[in-house]
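Chains as they are written, first to last, in my numbering: chain A, 25 to 367; chain B, 25 to 367.
Just so you know, these hints were derived from the structure itself, not from any lab. Careful: at least some of the hints might be erroneous.
The list treats identical chains as interchangeable, and a pair is accepted whether it falls inside one copy or across any two copies.
Unchecked claim - Below, a list of computed lysine-lysine pairs in the DSSO-like style, where the Cα atoms sit at most 30 Å apart: (1) LYS144 with LYS107; (2) LYS144 with LYS214; (3) LYS214 with LYS107.
Residues per chain, in single letters:
Number of protein chains: 2
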Amino acid sequence: MPVIAVDVMSGERGALECIRGAVLAIAADPDLQLLLVGDANLIASELDSLRLAPGLRARLDIVAAAEVVLMTDAPREAIRRKKRSSMRIAIDLVHERRAGGVVSAGNTGALTAIAHFVLKCLPGIERAPIMSAIPNARSVTHMLDLGANTRATPLQLLQFAVMGSIVARDVHGVQTPRIGLLNIGAEETKGHELVQEAHVLLRALAAHADPARRIDYRGFVEGHDIFTGDVDVVVTDGFTGNVALKTMEGVAALIGARLRSEFRASFVTRLAGLIAQPVLRRVSGSLDPRRFNGAVMVGLGGVVVKSHGSAERVALARAIAIAAAAVRGGLVGHVDQALGAAH
Amino acid sequence: MPVIAVDVMSGERGALECIRGAVLAIAADPDLQLLLVGDANLIASELDSLRLAPGLRARLDIVAAAEVVLMTDAPREAIRRKKRSSMRIAIDLVHERRAGGVVSAGNTGALTAIAHFVLKCLPGIERAPIMSAIPNARSVTHMLDLGANTRATPLQLLQFAVMGSIVARDVHGVQTPRIGLLNIGAEETKGHELVQEAHVLLRALAAHADPARRIDYRGFVEGHDIFTGDVDVVVTDGFTGNVALKTMEGVAALIGARLRSEFRASFVTRLAGLIAQPVLRRVSGSLDPRRFNGAVMVGLGGVVVKSHGSAERVALARAIAIAAAAVRGGLVGHVDQALGAAH
Chain A
25 MPVIAVDVMS
35 GERGALECIR
45 GAVLAIAADP
55 DLQLLLVGDA
65 NLIASELDSL
75 RLAPGLRARL
85 DIVAAAEVVL
95 MTDAPREAIR
105 RKKRSSMRIA
115 IDLVHERRAG
125 GVVSAGNTGA
135 LTAIAHFVLK
145 CLPGIERAPI
155 MSAIPNARSV
165 THMLDLGANT
175 RATPLQLLQF
185 AVMGSIVARD
195 VHGVQTPRIG
205 LLNIGAEETK
215 GHELVQEAHV
225 LLRALAAHAD
235 PARRIDYRGF
245 VEGHDIFTGD
255 VDVVVTDGFT
265 GNVALKTMEG
275 VAALIGARLR
285 SEFRASFVTR
295 LAGLIAQPVL
305 RRVSGSLDPR
315 RFNGAVMVGL
325 GGVVVKSHGS
335 AERVALARAI
345 AIAAAAVRGG
355 LVGHVDQALG
365 AAH
Chain B
25 MPVIAVDVMS
35 GERGALECIR
45 GAVLAIAADP
55 DLQLLLVGDA
65 NLIASELDSL
75 RLAPGLRARL
85 DIVAAAEVVL
95 MTDAPREAIR
105 RKKRSSMRIA
115 IDLVHERRAG
125 GVVSAGNTGA
135 LTAIAHFVLK
145 CLPGIERAPI
155 MSAIPNARSV
165 THMLDLGANT
175 RATPLQLLQF
185 AVMGSIVARD
195 VHGVQTPRIG
205 LLNIGAEETK
215 GHELVQEAHV
225 LLRALAAHAD
235 PARRIDYRGF
245 VEGHDIFTGD
255 VDVVVTDGFT
265 GNVALKTMEG
275 VAALIGARLR
285 SEFRASFVTR
295 LAGLIAQPVL
305 RRVSGSLDPR
315 RFNGAVMVGL
325 GGVVVKSHGS
335 AERVALARAI
345 AIAAAAVRGG
355 LVGHVDQALG
365 AAH
């Protein structure tokens, strides 16, 4: 049974929302054990008040943590001074093999730094990227790096492609993930030398003599291809990936705001909005970031899943489910095997 | 009266659509002269068939060109072998000072290459970026570089900021443009060394002793800030800018497709769609790329405006109006003054 440590103290919505997310996760997955890390009294009294069925309650353990990493804590300070924080103790539990993975909705910089400090990159892996699912026209596109590293060498981009392929398969069940490398044109001559060199490495790996090593590399893709479903995994450096991710969020928010304000413009449009509401709800629901919450930090010596800071219970439960799937899928071992041996 | 050379042969929609765009532009602007460059017989017979008022017809001249740059022509080949093309001759007209600016909907790589080859970068300017308007919550954000250069040094990013500020003021009438530098976080410590160094240069320029040299630099912005209207100009390298631009287009297309398919789902939703249609049309109209057509290549020895390849007449007329505004605003002289002297 996978065991996941959940840092319930660091989310923007507070511990009670995180605890309820953990309860949702455990109710949805009968083969999951959670360690709730944080203020032990608070967690215990909240669990009591929820009057859970004994079968659920038995799969929730409490691990006490006296401190909390704040959103304002600098990553280095968090490593040095917050050794008794819920975030640190949750990660320590993975290091001590009491948990297979950790989920936190806290300070991304601190989580990245502590996870690297405690769990380390697997041998041969230069950088651990962050990967998440993004809605596309058919299902979802998995994209990495979304911001853990501001730069990536061609070799690192190659490693991102291999890790992305493994996550898509082990965590999300995509049989043979099709990989695209993000560029500013699909033609072979486009882009700067980093993507050019990565392209050569990726083509070589796609033609590797050992079929177990091969990846299904489809070449360069452009920004709009993230949303077509023509590839399953889009690989890029953390600067470009983070800008693309936040650009998407910005466009979606702009379109949503325009629709709301236009439907509110007059009595007639308000009526039209009322009639169109179920459809608009379905569309916005299908693109709802909560459905895609849970970004995996790949390449570390344990499963680390970052939840959005503002995630509420449903979104947090989804992040926990991703961590559980990664542990069940043997993600860490497969990444180690693929890139450790290749190195 | 500004004179603009229009390459009517290179757009994906054909010469007739471009000619009609030119007629729209001249009808909307009584103080504009156009040189239509291309197949002289075709242009003349189309103008005849439109039976224009003599006042309009008098402001349209025809310049013959025997060849066309194709979308498949490599930039270097286009420079070497397409010297009698409509694109080349239109740019030559600017070089010969028979026109103040040029508009083309042709092959971007070839246009960039020929414009650089014929018109050259202004002295002291290292790279000519491409800049365009993007809708935001209040009006538009001007963004550069959208893909002319895959890399940018800190000095080049500084130059982009100065040029962006001048275009926003001279072409789009923004009094004191607020400038943001695209990064993956708003905090001072975020990002790689290129944006860090550019940030230092930009802060120094914002505090320049000479008020005429100062720019209104507001610091780092993130992907979602492109759409808030908190800054007027967003500066980035051509790789990141191009990915962000195409990501926006992809998200908008995805949301549009989802809305259409959900409204088509059943009789009831089709009815709801019919009732909501005027509002949806207004929203999609307010974000319609045609309204934002016309990307300015800044930093060259003449005004060069790239129209989208698939632009129809209204969009092309808008690109021509932008070129006219740039000539009227004295764009080239102001850029030369700002960056030539600083150098």
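Consistency of the hints with the structure:
1. In the homo-oligomer, the alpha carbons of LYS144 and LYS107 lie at most 30 Å apart inside one protomer (17 Å), although the nearest pairing across protomers, at 59 Å, exceeds that limit.
2. In this homomeric assembly, LYS144 and LYS214 come within 30 Å of each other (Cα to Cα) only across copies, at 22 Å, whereas the closest approach inside a single copy is 35 Å.
3. For the identical chains of this complex, LYS214 and LYS107 are inter-copy neighbours only, at 24 Å across copies versus 47 Å inside a copy, given an alpha-carbon limit of 30 Å.
The structure is consistent with each of the numbered hints, conforming to all of them.
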